[in-house]
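Chemist: Given the coordinates of chain S, work out where chains X and C should sit on it, guided by the hints.
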Amino acid sequence: MIPRPFEYHAPASLPDALSLLQRYGDEAKLLAGGHSLLPMMKLRFAAPGHLIDLGKIGELKGIRQVGNEIHIGAMTTENELVWSPLLAQKVPLLVEGARLISDPQVRYKGTIGGDIAHGDPGNDHPALMLALDASFVLRSAKGERTVPAGGFFRGPFVTAMEPEEVLTRIQIPIPGAGTGWCYAKLKRKTGDFATAAAAALLRAKAGRVEFVRLALTNVGATPLKAQAAEQYLQGRAFDDAAIAEAARLAMSICEPSVDQRGDTAYKTAMAGEMTQRALRTAASRSQ
Amino acid sequence: MANSQTVSFTLNGKAVQAEVEPRELLIHTLRERLRHTGPHIGCETTHCGACTVDIDAMSIKSCTVLTVQCEGTQILTVEGLEQNGHLHALQEAFTQEHALQCGYCTPGMITRAYRLLQEIPQPTEQEIRYWMAGNLCRCTGYQNIVKAVQSAAAKLAAQPA
Amino acid sequence: MPDTNVVARERADQLQGMGCSRKRKEDARFIRGKGTYVDDIQLPGMLFGAMVRSPYAHARIKSINKAKALAVPGVVAVLVADDLKPVNLAWMPTLGGDVQAVLADKKVCFQYQEVAFVVAADRYAAADGAEAVEVDYEELPAIVDPRRALDKGAPVIREDIADKTEVGHGPRTHPNHIFTWEAGDKAGTDAVFASAPVTVRQEILNPRVHPCPLETCGCVASFDKPTGQLTVYMTSQAPHIVRTVASLLSGIAESKIRIVGGDIGGGFGNKVPVYPGYVAAIVASIVTGVPIKWIESRIENISTTGFARDYHGVGELAADKDGRIRGLRFTALADHGAFNAHVSATKFPAGLFSICTGSYDIAKAYCRVDAVYTNKAPGGVAYRCSLRVTEAVYLIERMIDVLAQKLGIDKAEIRRRNFVKAEQFPYVTAFGWTLDSGNYHQALDKVLKAVDYEALRREQAQKRARGELMGIGISTFTEIVGAGPTKACDILGIGLFDSCDIRVHPTGSVIARLGTMSQGQGHATTYAQIIATELGLPSEDIQIEEGDTDKAPYGAGTWGSRSTPVAGAAAARAARKIMDKAKKIAAHLLEVGEGDLEWEVDRFRVKGNPSEGKTMKEICMAAHGSNLPAGMEQGLNAVEYYDPPNLTFPFGAYVCVVDIDRFTGETHVRRFYALDDCGTRINPMIIEGQIHGGLTEAFAVAMGQAMPFDENGNHLGNTLLDYFLPTSMEAPKWETDWTVTPSPHHPIGAKGVAESPHVGGIPCFSNAVMDAFAHLGVTHMDMPHTSFRVWQQCNALGIDKR
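Protein chains in written order, with the numbering used here: chain S, 9 to 295; chain X, 64 to 224; chain C, 2 to 803.
Because the hints were derived from the structure by calculation, they are not lab data. Note that the structure is predicted; figures quoted are calculated from it, not measured. Glycine included, each C-beta is placed from N, C-alpha and C at the ideal position. Some clues are possibly wrong.
Unchecked claim - If you only want the chain S side, here are some residues facing chain C, beta carbon under 10 Å, derived:
1. 11
2. 199
3. 228
4. 268
5. 269
6. 270
7. 274
Claimed, not checked - Counterexamples of contact, computed for chain S against chain C with all Cβ distances above 10 Å:
8. 45
9. 203
10. 245
The following block holds chain S by itself, in its conformation from the complex (with noise of 0.2 Å):
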């Protein structure tokens, strides 16, 4: 219940931060809103010298369109995506993923920064960003750089990112207008993370993909783009079959983990019905 002593550091601007990232090395770790990381530490599964908070810092807030994106700032709490009218008309999946994490507390502190970066294969946002074809953009003393979410999951806890960056920004391209979306988990209960998660968005036209993209949550070292679902999927018509299809391309690239939310078969079976759910109810969707 107890963390190991640290240093806390408060920076009141970016460089602040960037600077001390830089100067404490892999000693520090950046707390964003802290339950991912405050639980290690209180079971004393990490033990940092230094915590560098980045809840003072404005410019890593806000969601705003920006052209044909959304620009949210790392720092945006998931309450914060639920409760946002731009993403309700513009980007609708993030609502229904966000409303999905957690329970309502961890949601006021959790943010989508931290959510992205911890680099945990249970976390919901990876697999939302990689089907929305997000970027990140990456900031350390020595510049800045936007990297694409896909190939920024590594590995378990295991991202692109260097160890003096900071995670700034998310920028995620606006869906055409009538893409339909989904994100459907499967939990043992609310605030656990995924058995098995789907992201999907699907755009229908006269009953023929137009376009669809589809990930998924916590069946494998890092979330996985269901890419041979997706252009099997394209141009095709939608129907039970093609859907029965996607869910059997979609579960041929799961490696889940063994562990009390269940086997690898229960796990890759989860993965193929939340994708179809998603599928179906991303085309339910669709205008």
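Modeler: Leaving out everything else, chains X and C in the frame of chain S:
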């Protein structure tokens, strides 16, 4: 105490100060230094919600917040809901609807419901269950808690603004 | 002329006595966050204790090095077994007739077993100190599967009692054997099975689960050197028993020990045993001379405190072709963990398991429980179980469904055919229990009508034709609570009576103290209601106290739904002693004979002259004055120590409707209708709250709770991430109903109710899930019915594909 700093915030409307190490959790500061034992500890993995307080208009599990993060914030605990001898509608409703038995989850539950009703004044039953799912109870099965929140919502809605 | 009945009713209403859903008196402090739970207590100079625990399930301790821990700033002391031996406290007797290590002596026998106790200035230093204690272990092979415990050559877990042929309950056959207990007529039952037209047999597991109250266990122990007085504020459901045990353990006179149970955040049986943390804190306080607080974490609570169940059962029924049960044979292998530490009446090491004939008229029965040690935490009797009644009722309610399925008889009908009939009460079961009262047919009929059972079965048939899974679960249970008659029920020689001490004040308000201990059951309200009706004084003015052993009369505490049956009876009888005296005073004041008086709500009236009377309030004042019958002492006080003549037998009929998604294994509880009969109902609102809570816990057990271990005895799911506590989203909605069949032997006819929903609920959910698969030939599935496990069943049947 090595590395301690003074943190100032408002607790139930009063200015308070605490001298804490960075690693001190808000729940411990509230309960042990500031003697507000309303919020309780029921787990160490941020699940149970018994420690829920209200910080700057957000329901927060105070076991997963460092006191040093609370500089300059406005914190409300269950002890701050009764004003001038008048119970908050939620406190009355919890008694009227028998929404508590052992009382351990009750402070966190009421504090969370308080913020819920600020944000969604007339929640449906399903909304109450969804927005209160961060607070565990072992005694009541939640059914009367839902009724209490509904009852308080109706009462607050009927009050002149 | 006012209608005297109306006036009497109004006066009765004002008393807010028996039968009234008055609001609770205890709420006032809880809604303000002003409860006093043990972790709220701060005493001057208080230090904090943290346990160092074994990472291994079975290991020898080669060495313990305290040096680094003692060097941590704020650490004051580090206690190990060797420090407890000089005061004879390294080992303590358990409530089950065994001994348990307070701090591990030479070896550890379960993962997270207590090894050292670090005392420090505050909990932060204590945590740092605990991490710094260095223990060198030599790992040993662990026994995790109880079916391996009695193997020839199995590792010996309890070397400390290796030479003991008995551990409190009869001869042992193996170092890992604890006891074998049996009841009933084996030969007669075997004969029935040999000749029965139909027999069914099913292996049924009651998995290990944990009560997990929201508040963990803890204490503040304060030994005052100058006076030699030991005070322990404690999460204890049985403060007096703890006081007696503490005295036996420590050698401190019991009159110098004060145990204080204050506000307790849920018990559910988890807070009955005496845990090493309490003893370590007491010793630390004796050693340091200051108060010591010990509060366990949630992981410690789940991993080391009294778990529940872990009964590996075999159920057998012998019946006629029409489903009439002629014989019952139930056996169970009981995994008690490394020490037999749960509460155990001396004569009933397997608790009240022999209630397993349930609500049915079964002529011949036999049951047997073999208890073994394994390398897991100690326990077994806990979690709203009323002493193994959950295990027993689960077996019989599952087996009657198994029998029904084998014979193709409707599951409600087979119960009707086998119920003890209303006219058969009091009914003596094949195991010798005298069921005090009941009307099972009426309860079941009422429930089936309320849910329109016929329509549900029709709907089920239609859904089955479409390949959908819908289940209807029935549970018609009989509980046994209110331990109990001292001839049969004792713990370590202390009889399970209970008590009430009532003092009435001149102005007509009352203080009553009892030997039970509420952990949320609402005693401050319900006992006041009993006394209010008996004495004719408002419950609002009746203060109830429990838990402080300095003040409260001796009692066995609150567990097994015994408070109303035993202490509630004591309260009524103590009040009646007061009323006997009050009547004499009234007669004296009115200058009539006692036979000329009649009692109405809150006053004595002269028969035939109703304007002549004395209210109870008037009598209260008069009792403290000078105008009393010759030779009568002043005051209106009474104490009753009540030794119940029997236990009580609440019962119920529950129906659960589930819809199962055959593709994911998710079970949706569509409806749950619970009818309970607890005899006289003291506060319907409180009863309903208990039913909601007990059913939610039953739901958790049946549908999701498990305590998985790997083959080395490591816990695989001991936090709230994995241990299933339903949130407001998962918890179903409950419908409650009742019948009233008073207990003939109880002074107010009340039976106790809080555990019934758990006992009756668990088989109801299970039966519903099983019923959903019954048409596909499934006879039994073990709990928990998680989506994963239910899906595995669907997958095995080939129905999980579209």
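Chemist: Against each hint, give a clear statement of whether it holds in the structure.
Modeler: Hint-by-hint comparison with the structure:
1. 11: holds (9 Å)
2. 199: holds (7 Å)
3. 228: violated (18 Å)
4. 268: holds (5 Å)
5. 269: holds (7 Å)
6. 270: holds (4 Å)
7. 274: holds (5 Å)
8. 45: holds (16 Å)
9. 203: violated (7 Å)
10. 245: holds (18 Å)
Going down the numbered hints, you'll see the structure goes against 3 and 9, while the others check out.
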